[in-house]
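Residue-level listing of the chains:
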Amino acid sequence: MAALRHVKLMAQHALPLTELASVIRSKNAGPLCVTLDLFFRDQESYERAAQSDALNLNAIAALYGLLRTQIRRFDMPEILAIKLSMPRTVCAGHPGDGDLYGAQQHGPLLSLRV
Amino acid sequence: MTSTHKPTAVSHLLASHVPGQERLRVLSASGQLGFGIVQDSLARGLQRKPHFIGCDMGSIDPGPFYLGSGQMAAPKDMVLRDLELVLLAARQLNVPLIIGSAGTAGAKPQLAATLALLQEVAQKHGLSFSVATVCSDVPRQILIEAVQDGRLKSLDPDGVSLPLPVPNPSQIELATHIVAQCGTHTFIEALAHQPDVLIAGRSCDTAIFAALPQMLGYDPALSLHMAKIIECTSLCCTPGGRDAILAELGQFDFILESMNPNAHATPASVAAHALYEQADPWVVEEPEGTLHLRHAKYTAIDAHRTQVSGAQFVPRLAPTLKVEGAVHTGSRAVLLAGVADPRMIEMMPKALQTVLERVQKLVPGPWSMVPHVYGQGAVRSLPPAHRSLHEIGLVIEFLAPTANMAKTAASVFKQNLLHFGFPGRLSTGGNLAFALTPSEIEANECYQFMLYHQLVGVSPQEVFGIEMHAWNFEEAMA
Numbered sequence: 068m069a070a071l072r073h074v075k076l077m078a079q080h081a082l083p084l085t086e087l088a089s090v091i092r093s094k095n096a097g098p099l100c101v102t103l104d105l106f107f108r109d110q111e112s113y114e115r116a117a118q119s120d121a122l123n124l125n126a127i128a129a130l131y132g133l134l135r136t137q138i139r140r141f142d143m144p145e146i147l148a149i150k151l152s153m154p155r156t157v158c159a160g161h162p163g164d165g166d167l168y169g170a171q172q173h174g175p176l177l178s179l180r181v
Numbered sequence: 137m138t139s140t141h142k143p144t145a146v147s148h149l150l151a152s153h154v155p156g157q158e159r160l161r162v163l164s165a166s167g168q169l170g171f172g173i174v175q176d177s178l179a180r181g182l183q184r185k186p187h188f189i190g191c192d193m194g195s196i197d198p199g200p201f202y203l204g205s206g207q208m209a210a211p212k213d214m215v216l217r218d219l220e221l222v223l224l225a226a227r228q229l230n231v232p233l234i235i236g237s238a239g240t241a242g243a244k245p246q247l248a249a250t251l252a253l254l255q256e257v258a259q260k261h262g263l264s265f266s267v268a269t270v271c272s273d274v275p276r277q278i279l280i281e282a283v284q285d286g287r288l289k290s291l292d293p294d295g296v297s298l299p300l301p302v303p304n305p306s307q308i309e310l311a312t313h314i315v316a317q318c319g320t321h322t323f324i325e326a327l328a329h330q331p332d333v334l335i336a337g338r339s340c341d342t343a344i345f346a347a348l349p350q351m352l353g354y355d356p357a358l359s360l361h362m363a364k365i366i367e368c369t370s371l372c373c374t375p376g377g378r379d380a381i382l383a384e385l386g387q388f389d390f391i392l393e394s395m396n397p398n399a400h401a402t403p404a405s406v407a408a409h410a411l412y413e414q415a416d417p418w419v420v421e422e423p424e425g426t427l428h429l430r431h432a433k434y435t436a437i438d439a440h441r442t443q444v445s446g447a448q449f450v451p452r453l454a455p456t457l458k459v460e461g462a463v464h465t466g467s468r469a470v471l472l473a474g475v476a477d478p479r480m481i482e483m484m485p486k487a488l489q490t491v492l493e494r495v496q497k498l499v500p501g502p503w504s505m506v507p508h509v510y511g512q513g514a515v516r517s518l519p520p521a522h523r524s525l526h527e528i529g530l531v532i533e534f535l536a537p538t539a540n541m542a543k544t545a546a547s548v549f550k551q552n553l554l555h556f557g558f559p560g561r562l563s564t565g566g567n568l569a570f571a572l573t574p575s576e577i578e579a580n581e582c583y584q585f586m587l588y589h590q591l592v593g594v595s596p597q598e599v600f601g602i603e604m605h606a607w608n609f610e611e612a613m614a
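For the record, the sequence lines run as chains R and A. Count along the first sequence from 1, then add 67; that gives the number in the working numbering. Count along the second sequence from 1, then add 136; that gives the number in the working numbering.
Wrong hints could be hidden among the right ones.
[What the hints assert, rightly or not] Here chain R is said to cover these stretches of chain A; the calculated rule only asks that three of the stretch's residues, wherever they fall, bring their Cβ under 8 Å from a Cβ of chain R: (1) 195 to 206; (2) 342 to 351; (3) 448 to 454; (4) 502 to 509.
[As the list claims (entries may be wrong)] Not close to chain A: a few residues of chain R, all C-beta gaps over 10 Å, as computed: (5) His80; (6) Ala81; (7) Leu82; (8) Glu86; (9) Ile91; (10) Ala96; (11) Asp104; (12) Ser112; (13) Arg115; (14) Ala117; (15) Gln118; (16) Ser119; (17) Ala121; (18) Asn125; (19) Ala126; (20) His161.
[To be verified] Facing chain A, a subset of chain R residues (Cβ under 8 Å, in silico): (21) Asn95; (22) Met143; (23) Ser152; (24) Gly160.
I should point out that these hints are in silico values taken from the structure, not numbers from a laboratory. These numbers were taken from a predicted model, which means no experiment stands behind them. Beta carbons: idealized from backbone N, C-alpha and C, even for Gly.
Start from the sequences and build out the full structure, keeping to the hints where you can.
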């Protein structure tokens, strides 16, 4: 019961990621990999996001339809940033690719609450 | 072959600059030469009397078409304009001009086209100088032997990249262009011929700005870190932009300063730039070794400038090369249309499949259809609740061995989808809204990346071809 109350409390206090971050961007790192960068407004916002389950490898894997082993996360407290790198679903420019530069792959992050 | 009666720009710099006496002033004039250098910022940079000027001209980002076809992404007139700006500046100051990844993908035809445009500028202004070129096209035989010996490998064995299979020798023969990124050492070899201008095919962005400093004895880690940041000009500033940036390199640090007074290089903006387009923010792989950025320090000098130090460089015993290759896969036509009927939108996956089967009978041949249904998850898959119900856009690709077959399939498909009947259909006038006539468009030849791998166990001297060209157009003008 205590655990459940804790979860509810956290959910009540969860804030939209878009309010905490000043930049949420995606871009190719070569034609086979896409990398997501999140920059946070202040120390508190960074800490909250860095510790949130919404941004752990399992959650990001589920959000992007990948395995957790396919994702690398880098925490950079000194610049209040988190990076997530993952494989592209299709090589840049192959038939069926809808985002040559990988610049619009951040969408799923925009509705997260942390 | 170099001019005998006066020192060239490179020989003058190597003979006159002494690290420790003054900082080396490096001007990055363009991160994408040919898309319009910001003239005011370049002029401010030139007033600072840079020791050399560098420009990056290419990238793999615009996709396989440019490497595959050998065409430039930048419009020719704009390339001429930008080349004229930087060449005249470099010749007036008698400082080296260094251009990397010529003509977008840096393949042989793009290097030749860039060189021809540079010559056009030189002729127009009656200039005489020497040019070194580096050809980055990889001889097929080298790659085929590497495949047979297992020396062509994935760039990312840890698995955060989509796997791209190593092609077999017969597939390698089919590639239209194969290039390798030449590194700082290859630039140094070319600059040892003491030209005024260096134009290289596919290059590491860093080589453009790190080679001359290393020849002068500057720290490899500092010069590579500086190069890595300034190759995108003022993108590392806030607000980011395309204005020229000046780096002042010392023996223990470098100072960054945008030549746009309103773009500020701050510790946060510069540190953030280190992440850009990098899968790993702390590690940059170069042919000659690995640059480690984890201990880099970024300190504000004032509101406009940032001082950087602390990068480390670990050389590799044997160089590795990043290889890029593209293959022609046919011709492409696209059909553009909108749909604003919720019933047809709901029916779309079935409609596309049924129409495809019909058109395959009408237009025989090995063509294929690839739909992009905007509003329904064309950019990336969308949860059902986020899919558009009232209006969607269709971009449908038709890929075929010939342009005629692709266009024929697109035209017949269009007509069949327009009048596709389904249960519950109300809009019997037509299922599609066209903004354009014709609404099916021939969309160039089609290429795919076949190679994005690392090549080991080969000496850069075997791969990269360095040539010297002496131009004398002064007499022609006289």
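A quick look at each hint next to the structure:
{"no.": "1", "hint": "195 to 206", "in the structure": "holds (count 6)"}
{"no.": "2", "hint": "342 to 351", "in the structure": "violated (count 0)"}
{"no.": "3", "hint": "448 to 454", "in the structure": "violated (count 0)"}
{"no.": "4", "hint": "502 to 509", "in the structure": "holds (count 3)"}
{"no.": "5", "hint": "His80", "in the structure": "holds, 25 Å"}
{"no.": "6", "hint": "Ala81", "in the structure": "holds, 19 Å"}
{"no.": "7", "hint": "Leu82", "in the structure": "holds, 21 Å"}
{"no.": "8", "hint": "Glu86", "in the structure": "holds, 19 Å"}
{"no.": "9", "hint": "Ile91", "in the structure": "holds, 13 Å"}
{"no.": "10", "hint": "Ala96", "in the structure": "violated, 4 Å"}
{"no.": "11", "hint": "Asp104", "in the structure": "violated, 5 Å"}
{"no.": "12", "hint": "Ser112", "in the structure": "holds, 14 Å"}
{"no.": "13", "hint": "Arg115", "in the structure": "holds, 19 Å"}
{"no.": "14", "hint": "Ala117", "in the structure": "holds, 15 Å"}
{"no.": "15", "hint": "Gln118", "in the structure": "holds, 20 Å"}
{"no.": "16", "hint": "Ser119", "in the structure": "holds, 20 Å"}
{"no.": "17", "hint": "Ala121", "in the structure": "holds, 16 Å"}
{"no.": "18", "hint": "Asn125", "in the structure": "holds, 16 Å"}
{"no.": "19", "hint": "Ala126", "in the structure": "holds, 15 Å"}
{"no.": "20", "hint": "His161", "in the structure": "violated, 5 Å"}
{"no.": "21", "hint": "Asn95", "in the structure": "holds, 7 Å"}
{"no.": "22", "hint": "Met143", "in the structure": "holds, 7 Å"}
{"no.": "23", "hint": "Ser152", "in the structure": "holds, 4 Å"}
{"no.": "24", "hint": "Gly160", "in the structure": "holds, 4 Å"}
When each numbered hint is compared with the structure, violations occur for hints 2, 3, 10, 11, 20.
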